[in-house]
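Visitor: What follows is the residue order along each chain.
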Amino acid sequence: MFDNVWLIPLFPLIGFLINGLFGKKIKNETVIGGIGAFAVLCSFVVSCMTILRLLSLPIEERLAEVKVFTWITSGNFNADIAFLVDPLSCVMIMVVTGVGFLIHLYSIGYMHGEEGFYRFFAYLNLFMFSMLLLVLGNNLLLMFVGWEGVGLCSYLLIGYYFHKKSAGDAGKKAFVMNRVGDFGFLLGGFALFWYLGASHNVWTIQFTEIAKNSHLLPTGGIVTVITLCFFLGATGKSAQIPLYTWLPDAMEGPTPVSALIHAATMVTAGVYMIARMNFLFIRSPETLMVVAVIGACTALFAATIGTAQYDIKRVLAYSTVSQLGYMFLAMGAGAFAAGIFHLMTHAFFKACLFLGSGAVIHSMHEALHHAHSHDDPQDMRNMGGLKSKMPLTFMTFLLATIAIAGIPGFSGFFSKDEILWQAFSNQHHGSLNYLLWGMGAIAAGLTAFYMFRLVFMTFYGESRITPKAKDHLHESPMIIVFPLLVLAALSVIGGYIGMPKIIGDALGGIPNYFEHYLEPVFRYSEEYLSQHSQHTALHPSHAVEWGLMGLSVLIALAGITVAFTMYVKNRELPSRFTATFPALHRAVYNKWYIDELYDFAIVNPVKAAGRFLWKGFDVVIVDGAVNGVANIVMAFAGVIRYLQSGFIYNYAWTMAFGVVVILGYYLFK
Amino acid sequence: MSYILSLTTFLPILGVLLLLLIPRESKSLLRSLALGVTIITFLVSLPIMTGFETNADFQFVENVPWIAAGPFVMRYYLGVDGISLWLVMLTTFIMPIAVLSTWTAVEEKVKEYMICLLLLETGMLGAFLALDLFLFYIFWEVMLIPMYFIIGIWGGKNKIYAAVKFFVYTMAGSVLMLVALIYLYFRGLEAGFTSFSLMQFYSLNLDPQTQTWLFLAFALVFCIKVPMFPLHTWLPDAHTEAPTAGSVILAAILLKMGTYGFVRFAVPIFPDAAYRFTPLIATLAVIGIIYAALVAMVQEDVKKLVAYSSVAHLGFVMLGIFAFNQQGITGGMLQMLNHGISTGALFLIVGFIYERRHTRLITDFGGLSKQMPVFAVIFMIVTLSSIGLPGTNGFVGEFLVLLGAFESELRWYTVIATSGVILSAVYMLWMFQRVMFGELDNPKNQTLKDLNPREIAIMLPLVIMIFFMGVYPNPVIEKMDPAVKKLVSQVKRSNPTAEAPSAMQGLPEGHPVVVAPAASSGNSVIPAGATNTDEAR
Amino acid sequence: MENLNGYLIVSAILFSIGTIGVLTRKNAIVIFMCVELMLNAVNLTFVALSRHLGNLDGQVFVFFVMTVAAAEAAVGLALMIAFYNNRETIDVTDMNSLKW
Amino acid sequence: MDMITFPTIDMTPILPEIYLSLLAMALLLINVFMPGRQKGYLGYISFVGVVAIAVMTASGWGIEVSSFSGSVIQDKFAIFFKIIFLLSAGLSILLSDQYMEREGCNHGELYPLILFTVVGMMLMACGTDLMTIFLGLEVMSVSLYILAGFNRANIKSNESGLKYFLLGAFSTGFLLYGMALTYGATGTTRIFGISGQLSQMAAPAANIMLLAGMLLMITGFAFKIAAAPFHMWTPDVYEGAPTPMTAFMSAGPKAAGFAAAIRILVISFPALQPDWSQLFWILAVLTMTIGNITALRQDNIKRMLAYSSIAHAGYALVGFAAGNETGVAGVLFYMLSYAFMNIGAFAIVILIAKKGETNGTVQDFAGFAFKRPLLAAVMSLFLFSLAGMPPTAGFIGKFYLFSGAVQQGYVWLAIIGVINSAVSVYYYLRVMVFMYMKNPSEEFEWATVTAPVALALIISAAGSIILGVVPSYVMQFAQQAAKLI
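Residue numbers (our numbering), protein chains in the order written: chain A, 1 to 669; chain B, 1 to 537; chain C, 1 to 100; chain D, 1 to 485.
What the hints contain is simulated information worked out from the structure, not anything from laboratory work.
Every value quoted in this text rests on a predicted model; they were computed, and no experiment measured them.
Do not take every clue at face value.
To be verified - Result set (DMTMM-like, lysine to aspartate or glutamate): computed pairs, CA atoms no more than 25 Å apart in a straight line: (1) D/371 with B/107; (2) A/165 with B/439; (3) A/387 with A/376; (4) D/156 with C/57; (5) D/438 with B/190; (6) B/370 with A/29; (7) B/370 with A/169.
Said to hold, decoys possible - Quick list of simulated restraints, FRET-style, between CB atoms: (8) A/616 with B/107: 36 to 44 Å; (9) B/64 with C/60: 53 to 61 Å; (10) A/625 with D/455: 35 to 43 Å; (11) C/51 with D/101: 31 to 39 Å; (12) A/622 with B/14: 47 to 55 Å.
As the list claims (entries may be wrong) - Reference listing, derived: stretches of chain D covered by chain A, where coverage requires no fewer than 3 residues with Cβ under 8 Å from a Cβ of chain A: (13) 123-130; (14) 162-174; (15) 215-224; (16) 322-335.
Ideal placement from N, C-alpha and C gives every residue a C-beta, glycine not left out.
Turn these sequences into a full structure, and let the hints guide you.
Guide: Structure (C-alpha cells):
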C-alpha cells in the first residue's frame with residue numbers, strides 16, 4: 001500500500017552520499033545545490049503521494065507499517081528498520097520536506113560562494129534523512145536513530161564555520177545538551193521495554209504494539225517515571241527549560257540552518273515525540289502537568305529575554321523557544337492536535353522570519369563589506385530603514401510577524417488561540433488552567449512586542465549605517481525571495497485548515513479539518529483524558545471563549561502599540577527605560593544569567609572534578625598505591641641486602657641462630 | 001578433524017621463521033612480508049567464519065594429547081564458538097592494519113618489530129581458541145612477552161617504566177590464576193575428571209566457598225587485563241608509551257582478553273560466585289565508566305584521553321556481561337568488537353598526527369580540518385562511533401548493554417552508566433573540537449599533509465566496519481546468539497532466580513502484576529527474561 | 001652402660017665450645033681449629049654411642065670423619081695460604097671484598 | 001691361617017663413580033707428565049668421558065641394584081640425579097676453557113677436580129647409608145672449596161674459596177652431629193634401617209635424640225642447598241668463584257643436596273613428615289622471599305644470579321615440603337631444567353665479562369641485543385625460563401612444584417611461591433631492559449664465542465625450550481624416579 005514510503009528518507013540519503021563523497025570534485029555550485037534540492041523535492045513529491053493515498057483511505061484504516069529489514073534481534077528484543085505511516089507522520093513529512101525544499105532552494109542563493117558549499121548541502125541532506133527517519137520510524141529505537149542523527153547534523157551545521165571558536169563551542173553545547181536529553185530518552189525506552197516485558201510479557205518497542213498494549217500500563221507510577229524520562233529528552237531536543245540555552249547559541253550556524261533545523265523541523269521533534277506517544281503521556285497526569293507548566297514557563301521566560309536582544313537572529317531564536325513552549329503547553333493540556341497544528345503554522349512563519357532575517361543579514365553583510373566597516377551585520381542597532389531597500393523581504397517579513405503576533409485571520413492566531421483556549425478549558429490540572437492561560441496570554445503579548453520591535457528596528461526609521469554602505473543595500477535575488485513569498489503566503493492562509501470550532505461555526509460551519517484529520521491518532525487519548533480528568537470539566541460558554549479570544553488579541557495589539565511607541569514614535573523611550581531600570585535591563589539582556597549559572601553550577605564543577613580525579617586521585621592514590629607497593633619492596637630490598645655484611649662470623653651467627661631456633665622450636669614445642 | 005584453527009594460529013610463527021632468514025637491512029621486504037603473512041592469516045581465518053554453523057557448540061575442534069605426567073593431563077585442545085569466533089576474526093582483521101600502520105612509523109629494528117607483532121598474533125589467537133585451560137594459560141602468558149618488547153623497545157620516552165609496569169602488573173595477576181587453575185584441576189580430579197578441558201570444568205559443581213575463592217583469583221587477573229577501575233593505571237602508561245601498532249593491538253585485542261576471560265572462564269565455571277559478585281563488579285564497572293570519562297575529559301595528551309576512554313568503554317562491556325541476560329551479554333560481545341574497531345581506529349588516527357607533528361598534546365593542534373579534510377572526515381566518523389552514535393557500530397553494542405543491564409538487577413547501575421553516554425560525548429567532541437576546529441594558528445600545523453593513500457587504505461576497512469556493524473549487525477549477532485544463550489543458561493541453571501526478582505523489582509507499590517499472554521513482540525526466540533519472569537510467579 | 005649420658009653431655013659441651021669459637025674468633029686458622037673441635041666432639045659421640053649400642057657402625061664412621069677432616073685441613077690451609085699471599089692476613093674481618 | 005676371602009660385591013651402583021675417579025686420576029697424571037702450558041685438551045677429554053659415563057649411567061635405568069650391604073643403591077632416583085650432575089659438569093667443562101684461558105688460570109687440575117666433585121655428588125645421590133652420603137658430601141665439598149678458590153691470583157676467588165671452606169666445614173659439623181644423634185637413636189646408619197627402626201618406635205616424634213638428629217641433618221643439607229637462613233655464604237661465594245664454577249655450583253651441588261636430603265627424609269623419616277614438611281614450608285617461604293627481594297637491588301649480574309639461585313632453591317623446597325610424588329618429581333624436573341637455564345645464563349655472563357670481571361654489572365648488558373641479537377635472544381630465553389614464563393622449562397618445573405604443594409593442601413605456600421616468582425620477574429626483566437632498551441654505554445669488543453661455549457649454549461637453550469614445550473617424557477622419568485618407597 002505504502003511500499004514506496006522508504007523512498008522518502010532514501011532520496012536525501014542519496015543526495016548526501018553524492019554531495020558528501022564527490023561534492024569536492026563537482027565544484028559547480030548549481031549542480032551541488034541542484035542535487036541537494038532535487039533530492040528533497042523528490043521526497044516531497046513522494047510525501048504528497050503518500051498523504052493523498054492516506055486521505056483516500058477511510059479514517060480507521062489510515063495506519064500502515066512498512067518493514068524494510070530487521071536491524072537488531074537479541075533474545076526478546078527486536079528492532080526493525082520499518083516505517084509508520086499515519087496522519088501524524090504524514091503531517092510531519094509534509095512540513096519537513098516542504099519547508100525543507102524551500103530552504104534548500106534558498107540556500108543555493110544564500111550560501112553562494114561559501115567555501116565548503118558541498119559540505120553544507122551534504123549536511124543539509126543528511127539532516128533531512130535523519131529527520132524523516134525520526135518522524136517515520138515505527139519504533140522507539142529507529143526514532144532514536146533519527147533523534148540522534150538530527151542532533152549530529154545540527155552539531156555539524158552549527159559548527160559549519162568551524163574556524164570560528166564560538167561556532168565550535170555552540171555546536172558542542174548543542175550536541176551535549178541534546179545528549180542530556182537523549183539520556184532521558186534512552187532511560188525512558190529501557191524502562192518502558194523492561195516494564196511491559198517483565199511484568200506483562202510484552203517485549204516490544206513498536207509504537208503500534210505499545211499503543212495496543214497501553215491498557216496494561218498503570219496510571220501514574222512507573223508510567224510517570226517513563227514519560228518524565230521521555231519529556232527530558234523532549235526538553236533537550238526542543239529547547240525547553242532547563243535545556244534551552246543551546247538554541248540561541250545555535251544561531252552561530254548559517255541562517256538557512258537556523259530556519260530549517262532550529263525553527264521549522266528539528267526543534268519540534270520533542271513535540272512530535274510526545275504526540276506520537278500520547279497514549280503513554282495521558283496515563284500520567286503528573287507528567288502532563290509538568291509538560292504544561294514547563295511549556296508555559298518557557299513560553300513566558302524566553303519571551304522576556306527576546307524583548308531585550310539586539311542580534312536579529314537571537315530574537316528569533318528566543319521567539320522560537322517561546323513558541324515551542326506553546327506547543328508543549330498544548331501537549332500538556334492534552335490538546336495534541338492543536339499542538340501539532342501550531343507546530344505546522346510555526347514552521348511556516350518562523351521559517352519565513354528566519355529566511356527574511358537571513359536576506360537582511362545577507363545584504364547588510366555585503367553593504368558593510370563594501371564599506372569596509374566591521375560592524376556586526378546581525379545587530380539591529382545597525383539596521384533600520386530597510387523597508388524601502390528590500391520591499392519584498394519587508395512584506396513577507398511583516399506578514400510572518402503579524403502571523404506570529406496572533407492577529408486574527410493569520411495562521412498564528414488560529415493555532416495559538418486554539419492552544420490558549422484548550423489550556424483554559426481542559427481541566428486536567430485543576431485550577432492551574434487559569435494560570436497557564438494567563439502565562440500564555442502574557443507571552444503572546446510579549447511576542448507581539450518583541451517581534452514588532454524587531455520589525456520596527458530593522459525596517460522602519462532611517463538607516464543607521466554609513467551612507468557609503470547604505471547605497472549597497474539591495475533586494476536579494478529571486479532564488480532567495482521566492483521561498484519567502486511561498487512561506488509568507490502559507491503563514492497567512494495556513495491557518496484556515498484548522499480553524500477553531502467556534503470560529504468555524506460562526507463562519508457557517510467550516511469544520512476544523514486539521515483536527516478531524518488527526519483524530520484517528522488522538523481520539524483514544526482525548527476520550528481517555530475526558531474520562532479520567534479528576535476535575536469536573538467545566539463547559540465554558542461561547543461568551544467566555546469569545547471573551548478570552550478578544551482578550552488575547554487585545555494583549556497582542558497592546559504589545560504592538562508599545563513597540564510602536566517605543567521604536568517608532570519616540571525613540572528615546574528605550575534608552576530612558578534602561579536608564580530607569582538598569583539592573584532589570586542588564587539581567588534580561590544577559591538572558592537572566594542562565595548560561596553563567598550553568599557554567600558555575602555544572603560545567604566548572606565537572607571539569608574541576610575531572611581534574612581532581614586525574615591529578616589528585618588517579619595519579620596520586622590509585623597509581624600511587626601500585627607504585628607504592630613496588631617502592632616499598634625495593635626499599636626493603638635496599639635494606640636487607642646490607643645484612644649480607646661480608647663477614648663470615650655474621651653468616652655463622654645467622655646459621656647458628658637458625659639451628660638454635662629450629663631445635664628450640666621442635667624440641668620444646 | 002580440520003586443522004584450520006592450528007593453521008590460523010601458527011601461520012604467524014611460520015612468518016617469523018621466514019623473517020628470520022631476511023637480512024635486517026632490507027626493511028621494505030621485511031615489512032611487506034609481515035603484511036603478507038598477516039593478510040594470509042586473515043584469509044585463512046575467513047573459512048572459520050563462513051564455515052561456522054550457527055549453534056552453541058565448539059566447532060573446528062582439534063583435540064590431541066600433549067602433556068601427560070604425574071597427576072596431570074594437558075591436551076592441545078582448540079575450538080571456536082560464537083563467542084570466540086568474532087574475537088578471532090577481529091584479531092586477524094586488525095593485524096594487517098596494525099602492520100600497515102607501522103610502515104613509516106617504525107624505522108629501526110624493523111625485523112624485531114615485525115617478529116614481535118607476529119608472535120603476538122599467535123599468542124592472541126591461541127588464547128582465544130584454547131579450550132584447555134592450561135593451554136590457554138600458556139598462550140595468555142606468551143602474549144605478554146612480545147607486547148613487553150613492543151612497548152619497551154619502540155615506545156616513547158617513558159617506555160621502560162610502562163613496559164615493566166605492564167608486564168609485572170599482568171604477571172602478578174595471572175600467577176594467582178595459575179594456582180587457582182591447579183586447585184581447580186585437583187578438584188576436578190576428585191570429581192573423576194582428568195584434563196584441563198573447559199567442558200569438564202563447566203560440568204563441575206563446586207561449593208560456593210570454593211567458587212568464591214577461585215572466582216576471585218580468576219577475576220583479579222581478568223580485571224587487571226580489562227582493566228577494571230582501581231586496577232587500570234597500567235593502561236594509560238602502556239598506551240601512551242607504546243608505538244601506534246602496539247596501542248592499536250593493545251586496545252583492539254589485548255584488552256578483550258580480560259572480558260573474554262570472564263565470558264569464557266570466570267563466569268561459566270563459577271556461576272554462583274560470579275552471580276554473588278555481580279554487585280561488586282557492576283559497581284566497579286559503573287565507577288569506571290563515569291570516572292574514566294571524567295578523567296579523560298581533562299587529559300592534555302590525545303592518546304591518554306583515548307586510553308581512558310577505553311577504560312570507560314570496557315566498563316560498559318563488563319556491565320553487559322554481568323547483566324547475565326541475552327541482550328546484556330550480546331551487547332557486551334558486540335561492544336568488545338566495536339571498541340576494538342573504534343578505539344583501534346582512534347589510536348591509528350592519533351598515530352597519523354603524531355607521525356606528522358611528533359606531539360600528542362591537544363594544545364599543539366587546532367583547525368586541522370582546514371588542512372586535512374579527508375583526515376577530518378575519517379576522524380569525525382571514528383569519534384562518532386566511539387561516542388556511540390546510532391548508525392555506527394558503537395551504538396548497537398552500547399544500547400544492547402544498557403538495555404540488558406536495565407532488564408537485569410543492575411537497573412540503578414544502568415541509570416548511572418547511561419549518563420556516561422553524555423560524558424563520552426563531552427570528552428570526545430571537546431577533544432575533536434580542540435584538535436580539528438578553531439583557527440589554524442600554529443604555523444607548524446599549516447604545512448601538514450592530508451592522509452596519503454596508505455593511510456586511507458588503513459582506515460577504510462575500519463570505517464566500513466563501523467557502518468556495517470552499525471546498520472546491519474544482525475549477521476554478527478545471529479552467529480553468537482546460541483553461544484550466548486548457552487552462557488546465560490549456564491548462569492541461570494545455578495541461579496534460577498538470577499533475573500526473576502528483577503522483573504518484579506521497582507514496580508510501584510501495590511501494583512497488581514498482570515499475567516499477560518505470550519510475548520507479542522515479533523521475534524521467534526523464547527525470551528530468557530520472559531521465561532524467568534514466569535518461573536518467578 | 002649407665003653413664004652414656006655423661007659422654008654425650010661432654011661431647012655436646014665440646015661441640016658447643018667449638019661452635020662458640022667459630023662464632024667469636026676472627027683468625028681463620030683458629031676458626032678452623034674450632035671446627036675440628038666440633039668434628040671431634042661428634043666423633044666422641046659416635047664412639048660412645050657405638051659402644052653403647054654395641055655395633056661398630058659408629059666406630060667406622062669415626063674413621064671416615066677423621067680422614068675427611070684431614071683432607072679438609074689440607075685444602076683449607078692451602079686456601080688460607082693462597083689468601084695470605086694476596087692479603088698478608090688471614091683475619092676474617094679482612095675478608096669482605098665480597099658483600100651486599 | 002687361611003686366606004681372607006673377599007665377599008663378592010656387585011659394583012654396578014658405583015661403576016660410574018669408579019670410572020669417573022679413574023678418568024680423573026688419569027687426567028691428573030696426564031696433567032703432570034704431559035709437558036706444555038696448554039691444557040685445554042684435558043677439557044675435551046673429560047667432556048667426552050662425562051658424556052660416555054652419562055650414557056652408561058642412563059643405560060642402567062630401570063635396573064635396581066643395592067650393594068655394599070645396602071649402603072649404595074642404583075635406582076631411578078639416583079640415576080636421574082646422576083644425569084643432572086653429569087650434565088651440569090659437562091656444561092661447566094665446556095664453559096671453563098675459554099674463561100680460564102682469559103683469566104689466565106687454565107690449570108690442568110681443574111677438570112679432575114670437577115670430576116671428583118661429580119663423584120662426590122653421585123655418591124650422595126646413590127648412597128643409602130649416612131656414611132656413604134657423608135663421604136660423598138665431603139668429597140664434593142672439598143673439591144668445590146678448591147674450585148671456588150681456583151683462580152689463585154684473584155683475591156675475590158681466594159676469599160670466595162675460604163669463606164666457602166670455613167662455613168662449609170662449620171655446617172658439616174652440624175650435619176655430622178645430626179647423623180651421630182640419628183645413629184644413636186636408631187642404632188644404625190643405613191637409611192632403610194632407620195626407617196625400619198622408626199616404624200617400630202611408638203612415638204618417634206617424641207624421641208628427642210631422633211628429632212634433634214633429623215633437624216641437625218636438615219640444617220646441614222639446608223646449607224648445601226642454600227636455604228635461608230643458611231644461605232648467606234651463597235652470594236659471596238658465587239660472586240667470587242670463577243664463573244664456570246659458579247654455574248656448576250649453582251646447578252650440581254644444590255641438586256646433590258636435594259638428592260641426599262630427599263632420600264634420607266622421605267625414606268628414613270616418613271614418620272616425622274609432619275614435622276619436616278612444616279619446617280620446609282617455613283624454610284621455603286624464607287628462602288624464596290629473601291632470595292628474590294635481595295636480588296631486586298643487585299647490579300652485579302653474578303651476585304644477582306646468586307640470589308636468584310637462592311630463590312630457586314626456595315621454589316624447589318616448595319615441592320620438597322609437599323613431600324608427595326608430584327612435588328618430589330617437580331624437584332627432580334626443576335633441578336634438571338635449572339641446570340640448563342642457569343648454566344646457560346652464566347655462559348652468557350662469561351661471554352660478556354672482561355678479564356678480571358671488571359664489568360660484571362647489569363649495566364654492561366646495555367645495547368647487547370642489537371650488537372649480538374642471537375646471544376641476546378638466547379639470554380632472554382634463559383631469563384624468561386628462570387622467571388617461569390611459558391613455554392619454557394622453568395614454567396613447567398614451577399608448575400609441578402606448586403602443584404605438589406596444592407595437592408598436599410599447602411595452597412598458601414603455592415600462592416606465596418607464585419607471588420615470589422612474579423616479583424622475580426622484575427629483576428630478570430631488568431637485564432632485558434638493558435639488553436634491548438638501552439644503548440651501549442661504552443664501546444668494547446664482545447667476546448668471541450668459542451666452539452665449546454657455543455655447544456654449551458645450544459645444549460642449554462635446547463634443554464630450556466624442549467623441557468618447556470614437550471616435557472612429557474622427562475617428566476614421566478622424574479615421576480618414576482620420585483617413587484622412592
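Visitor: Does each hint fit the structure? Answer for all of them.
Guide: Structure-based check of each hint:
1. D/371 with B/107: Distance ~17 Å between residue 371 of chain D and residue 107 of chain B Cα, so the pair holds.
2. A/165 with B/439: holds, 7 Å
3. A/387 with A/376: holds, 19 Å
4. D/156 with C/57: Violated, at about 41 Å.
5. D/438 with B/190: Distance of about 51 Å is beyond 25 Å: violated.
6. B/370 with A/29: holds, 20 Å
7. B/370 with A/169: Holds, at about 17 Å.
8. A/616 with B/107: 36 to 44 Å: holds, 39 Å
9. B/64 with C/60: 53 to 61 Å: The hint (53 to 61 Å, Cβ to Cβ) holds, given that residue 64 of chain B and residue 60 of chain C are roughly 57 Å apart.
10. A/625 with D/455: 35 to 43 Å: violated, 49 Å
11. C/51 with D/101: 31 to 39 Å: violated, 55 Å
12. A/622 with B/14: 47 to 55 Å: Check failed, 42 Å falls outside 47 to 55 Å.
13. 123-130: Per the Cβ count (0), the hint is violated.
14. 162-174: holds (count 6)
15. 215-224: It holds: at least three residues are needed, and the segment 215-224 of chain D offers 6 whose Cβ sits within less than 8 Å of chain A.
16. 322-335: With 0 residues in contact (Cβ-Cβ under 8 Å with chain A), the coverage given for the segment 322-335 of chain D is violated.
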